[in-house]
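> Those sequence lines, one after another, are chains A, B and C. Just so it is clear: in the first sequence, position 472 is 472 by our numbering, and no numbers are missing. Numbers given in our numbering equal positions in the second sequence, counted from 1, plus 1000. Numbers given in our numbering equal positions in the third sequence, counted from 1, plus 2000.
There may be inaccurate statements among the hints.
[What the hints assert, rightly or not] Partial list, derived from the structure: chain A residues whose beta carbon lies under 7 Å from chain B:
1) Thr26
2) Arg27
3) Gly33
4) Pro93
5) Val298
6) Pro299
Simulated from the structure, these hints should not be mistaken for laboratory data. Glycine included, C-beta positions come from ideal geometry on N, C-alpha and C.
If you want the building blocks of each chain, they are given just below.
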Amino acid sequence: MTMVYDEALERFEPVLGLETHVELGTRSKMFCGCKTTFGAPPNTQVCPTCLALPGALPVANAAAIESTIRIGLALNCSIAEWCRFARKNYFYPDMPKNYQISQYDEPLCFDGYVDVEVDGKPVRIEIERVHLEEDTGKSTHVGGATGRIQGADYSIVDYNRAGIPLVEIVTKPIPGTDRLAPEVAKAYVTELREIMRSLGVSDVRMEEGSLRCDVNVSLMPRSAAEWGTRTETKNVNSLRSVERAVRSEIERQAGILSDGGKIIQETRHFHEDTGTTTSGRSKEEAQDYRYFPEPDLVPIAPDPAWVSELKAALPELPSVRRKRLQAEWGLSDLDMQAMHNADAIDLVEATVAAGAPAADARKWWMGELARRANETGTTLAELPITPAQIARVTELVASGALNDKLAREVLEGVLAGEGTPDEVVEKRGLQIVSDEGELLAIIDQVLADNADAAEKVRSGKIAAAGALVGGVMRASKGKADAARARQLILEKLGVSE
Amino acid sequence: MSAITRDEVAHLARLSRLALTDDELDHYATQLDAIIEAVAKVAEVAAEDVPPSSHALPLTNVFRADEVRQSLTPEQALSGAPAVEDDRFRVPRILGEEA
Amino acid sequence: MSDLIRKTAAELGALIAAGEVSAAEVAEAHLDRMAEVEPKVQAFLHVDRETTLEQARAVDARLRAGEKLGPLAGVPVAHKDIFATRDMPTTAASKILEGWRPPYDATVTARLREAGLVILGKTNLDEFAMGSSTENSAYHVTHNPWDLSKVPGGSSGGSSAAVAAYEAPLSTGTDTGGSIRQPASVTGIVGMKPTYGGSSRYGLIAFASSLDTPGPFARNVLDAALLHEAFSGHDPMDSTSIDRPVPSVVEAARNPDIAGMRVGVVKEFAGEGYQAGVLARYHEAVQLLESLGAKVVEVSCPSFTTALPAYYLIAPSECSSNLARFDAMRYGLRVGDDGTRSAEEVMALTRAAGFGDEVKRRIMLGTYALSSGYYDAYYGQAQKVRTVISREFEAAYQQVDVLVSPTTPTTAFGIGERADDPIAMYLADLCTIPSNLAGNAAMSVPCGLADEDNLPVGLQIMAPVLADDRCYRVGAAVEKALESRWGGPLLKEAPSL
Ligand SMILES: [Mg+2]
Ligand SMILES: [Zn+2]
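Hey, can you work out the whole structure from these sequences and the hints?
Structure below.
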């Protein structure tokens, strides 16, 4: 039986390990000139090389090598002075050559680290290696009840994806995360994703599989000195799943260990629907990949001067940028962290760049828009509104043309596809009543209708003015400038604050 | 002492995806044993401090520019396939999960 | 027209260029010769008269249109059935590829076509180039034109037999451990293994990637040089291809002056295990070189005797991986797919049925040499021996310009004689393998007939990387001196078919 998380954590300490595969966004594949477009019709982006036709040979893509080195540098790795590709031999119908061109004991980048922050606590995740390899084709399983591989009658294979460059980033074992293990795993993958984005090397779309994560988890009894047996959960394909997979594996393993059972070293599969993992291929017949240096490709010896140039030209990394923006915007750690979690930093930055004050930009994205995104089950970036439009709304508010309530209506109109903020203001007639004559007429009417309240104010009970302002706002359907209305009411009644 | 046992040969056949009969296993066990004994002669060369050569020539850094080239048409790609369905290669059911 | 088949390729090229004979007529003469002798020699796996004549007529049209083609335009060539050809089946003499028609041309094929050579058909070989007798073809045995009960050498035995039997003036081969030089030697013709990387492997069905080298066969040294020049040179599709100018082999073949050249006699390649008649012709050839002004010295390369075992670890290791792509999924034979069997079972059944004995033996040997636990002792150690051998070559080339040895310890052996003794078979490549391991250039040129059996003996001439021209210079010198002694080419001595 599984054990509830809190109890599991009392008795065991988790050790994490993450293997992340990132599909590079090169124009052509790793070893041939085929396109890498996602979603193309089956077997239209294949050639003798990526289909492994007899006689065809690989030639390495220079841009993929460069991207991998840049990733390594961004992850604080050392770059190999000389390294080779190796063949990883195993038979599988997805893999045309029945070996994967990968790297073995000579990765292009090694010994780096990534810093993340979880619950205000800094965690350094050490990187074992970053190497370059190639992706496999994609099978569709036909027949059987589930459409899954088990029980299928046969499979059909599309090799468009075969040979797309894949960067594998492997962490060293991560001990000491304790109950934050799931969050640390998620924070690490989030950070990796942002680093890839800032480098411009991949579109890192987990839902399209351009970033895929294998999660290793083992448990060690609190009293023990040695790490336990680990399992490897494959292809965890969303940030949320990373977190859930770690948690569920901790609970499962804790249950087995507490019942006196043993953890089997195996690959497991994560199921989005249940949030749990099931056993995949067990490693009882240990795989023997018979790695050896790839004779069809020559060694890579990056020129140190070139590596220095690449390093110097790295973009500002996400963690550095966040610190800078936080200072510029004058936000608290908590606010910044919340924005980071909500993927709002880019949007806020763009909104500020379009002229909005940082506080306003943050307020809209993290308030009204976050609520809308949450309601509709989308991300902030997917909302049909641009940072420039938000900036325009803040400008209208600052100029007094809108108040906050009207501004929310404008946003609603933009999100509903009614046009730009100005167009929505125009179409919905949301302009604040700025015609003093019109406003005075409304005030006269309100004073006449609320003679009692007016009298109270006249006699010095200024607090009663609130009700009169409320009346004006109701009568103007919210379009009046409340502050100005209050001013005029007090003037008319001959009192001052 | 034989260099290789029949069980090891059976294991090699499995690793290499060769469905061999018992007779064939015996046959290859005898031959491989003799061949392995002969090739073990490489151990006689004192080469401890010698770097291994994976390649005939010491070339490095051969790359291609990241440029798209013409792919095959699906008809060409599938022309040699034993079975095809929906422009895909039809293969027998796959047992294991991918590595 | 039958005298056309006795002409050299250079002569045929000149006649065609001068318009004295058409490419179609030349092709037809050779097709007629094939019709006559193929039942006895069986050098070809695939011949299609119409396709060949179409090619020839197309060349005639290109010439008539004034297109500037090379010196071999219109000359027929027999093409080893290990090179991908769009318009002909490509099988590597294996059942697993029976009937396969590649959707692409190998670079060597494409260059033959560009230069206007006319492909007569695809020649027989040991399955996947594994063998020294062409008896390992899945289709049929090829016979040595000198004595039909003898093997034509291998693996390029179809190509050597075709040229020796006057079925083609030229042919292509591939040399992984001697597969051009040894068949050339035992059929009395010229065979050249260019520097590794000097000719493209793209579209050549791989046996051992770090060793495979395409090269020419011809009945004389100049013709071999012309063909060498026609298809070699840098290919961006092959990462191991050398991006430097092709050595001027034709010029060297035309200027066979070796006065002052330093020739090293490899001490280790003589003595026990060598046929007396082979050694007699070899020693005469060495004396001949001296009489032509060369400075002959004895050179010791003690590790060359370990080249054979090193080769029988490296080549099978690479082949075990290279041949993994033949898995019944994307092309070629599929056996046992009854709707219930798994992909894994169908792969194993197909490979068991589709590969011959020698291929299976080498796949398993290579799988063994690469397995964990054995890698260091076998594959790893063999690679170190490879380094040692390269160093011995380097040291030798400090003293001499070329090295010489017998090409093969014996003359052509009988069909069936070594079929059940793989180790005896492997000895045929004793002298040729070191040049493959080191990537050097090496040639076999006829140097007479052995007294015991009146069968041809070959002299091997080895030269450093990219010094292929030295092989041609020395080869041409030997040829010129011997032909004046014999009163014509050695092949004139061949019992007529
Ligand atoms: Mg990997
Ligand atoms: Zn491709």
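> Confirm or reject each hint.
Hint-by-hint comparison with the structure:
no.	hint	result
1	Thr26	5 Å, holds
2	Arg27	5 Å, holds
3	Gly33	3 Å, holds
4	Pro93	5 Å, holds
5	Val298	4 Å, holds
6	Pro299	5 Å, holds
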